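S.K.: Sequences are here, hints too, so could you generate the full structure?
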Amino acid sequence: MTTATPLWVHRRRYRRRRWTARLAALAVGSAFLLAVVPLILVLTYTIARGLPHFSWVFFTHSLAGVPPSQAGGGIAAATIGSLEQVGLASLIGLPLGLAVAVYLAEYGTGRLATVTRFLVDVMTGIPSIVAGLFAYTFIVISLHQGFSGLAAAIALSLLMVPIIVRSAEDILAGIPRTLREAGYALGLRRWRVVVSIVLPAARSGLITGAMLAVARIAGETAPLLLTAFDNSYINANPFRGQQSALPLFIYNQAQQAYQPAIDRAWAAAATLVLAITGIYIIARLLTLRKSGAHRV
Amino acid sequence: MSRRIELHDLSCYYGNRKVVDRITMTIEPKSVTAIIGPSGCGKSTLLRAINRLHETLPGARVEGRVLLDGDNIYDRSIDVVDVRRIVGMVFQRPNPFPTMSIHDNVAAGLKLAGVRRRDLDDIVEKALIAVHLWNEVKDRLRRPASALSGGQQQRLCIARAIAVQPEVLLMDEPCSALDPISTLAIEDLIAELKNDFTVVIVTHNMQQAARVSDMTAFVTVDGPGHPGRLVEYADTKTLFSVPADKRTEDYITGRVG
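For the record, the sequence lines run as chains F and X.
Position one of the first sequence corresponds to residue 1 (this note's numbering), numbered consecutively onward.
Position one of the second sequence corresponds to residue 1001 (this note's numbering), numbered consecutively onward.
Honestly, the hints are just simulated from the structure, not real lab data.
Fair warning: this is a prediction, and the values are worked out from it, not measured in the lab.
Don't take each hint at face value.
As the list claims (entries may be wrong) - When the alpha-carbon atoms are kept at most 25 Å apart in a straight line, the in silico SDA-like pairs for lysine to any residue are as follows:
| # | chain 1 | residue 1 | chain 2 | residue 2 |
| --- | --- | --- | --- | --- |
| 1 | X | K1194 | X | K1246 |
| 2 | X | K1018 | F | E181 |
| 3 | X | K1194 | X | A1130 |
| 4 | X | K1111 | F | T46 |
| 5 | X | K1111 | F | W191 |
| 6 | X | K1194 | F | E181 |
| 7 | X | K1018 | F | V57 |
| 8 | X | K1126 | X | H1204 |
| 9 | X | K1030 | X | A1185 |
| 10 | X | K1237 | X | G1225 |
| 11 | X | K1111 | F | R190 |
| 12 | X | K1018 | F | T178 |
M.R.: This is the structure in structure tokens:
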């Protein structure tokens, strides 16, 4: 019988391993910081520059009659425009995106599905200014509609659809097959299984995906340049006439040579960043919440 | 009500791969028929061909005929939804609808099919009584079904299946995810179900087949990749005491599988 090998026989190799592990952890940690630090800087700096200029007037007034060199005025027109444009874009983009996702996840087999998937991928890559150009040539020029919030919303919805399709398709594909089979086995038709079993089961995930898509387009500037075109005055009608929007407000004020205008740009940027962060946080909370029965 | 099921040269495929090979057998009404066999012998596929669930998988298809009281369920004039309404199914893992309450789960088959019935509550109650779940859940019918234990969920799924008043009940290893006590409860239930339904149960567990079934079919494969064939189909007592085929004997005595 030989004696048992002592446990410490590999102590050298183990020491080296420990050092390698520490180095690797350090490398990964630094990479993380490198990625996160700029994000935190952007957020804190924007808020730090913008927050001091928050005021009642800033949120309740438009820029009407306020020259760039003077303080005063605010984002009322831009906020109304953004809410209407993003709202309209969601009204178009969400149902369309969800419908495509349901088609791909539940019915999509064969060539049409492959082509659809490919087109959705291509859409994901469309530069946002091109979406704006499309709405500009199609709605503003060809249909003689002029600049409007609706044209902006159509450009935004073009960007929204592929985001919705991708996230919703993944979520629908994650709903277990056995749930669908339970529905079929009860003698339910396919559309009924989709509408009453699959979609409710996917609900919280779909809502999260939708909110992320909304947050994603709310800050888009390029699609608005040639469609909403900005407006110093409040135009609450998204279907006719130039409209302001928060990104346009920031873009135009930041270009001015005067400090009051630049301050307004920071304040508007802080507003937009806070609003979008808020949407992200709500979406995260919705995902974290345990899914259970809600219907009676 | 319950119906006689006849399989005629039934073969099932996934794409080009044949997993069930020309099975012919007759299942008598108001009886419990067990299908046993080693893993991968196609017994679940065979079961899923009886309510045309097999074909919902991509590339899956069948050849041959399945007659329900003489009508071929694969006939082109037959609506698959009508087949499934007559042939209900219980699955291996309990799969209650997670977003629905206990009541809504049992009522789902009728409600979602657009059947308007004033006595829906009665139907739900009867189904839950039949699966011996009523006393445990009668005070929390509006609570989520996902809060029930695994055994309770499986009984809920059986209640959901019988609430639409099918005539045949297919059970695909209904106890394999359950503890022994829940298993016993389901087995007792199966014995009662055959008073009203034609029950076909696929099981891994030979003791279970021996306990609950009147007839037993043994399905096996010649080797990996071969399709499942029906080796022996007989009265359960006979099959387990004096199997006619050597392969059946090897399987039930634990020499293979």
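S.K.: Which numbered hints does this structure break?
M.R.: 1, 4, 7, 8 and 10
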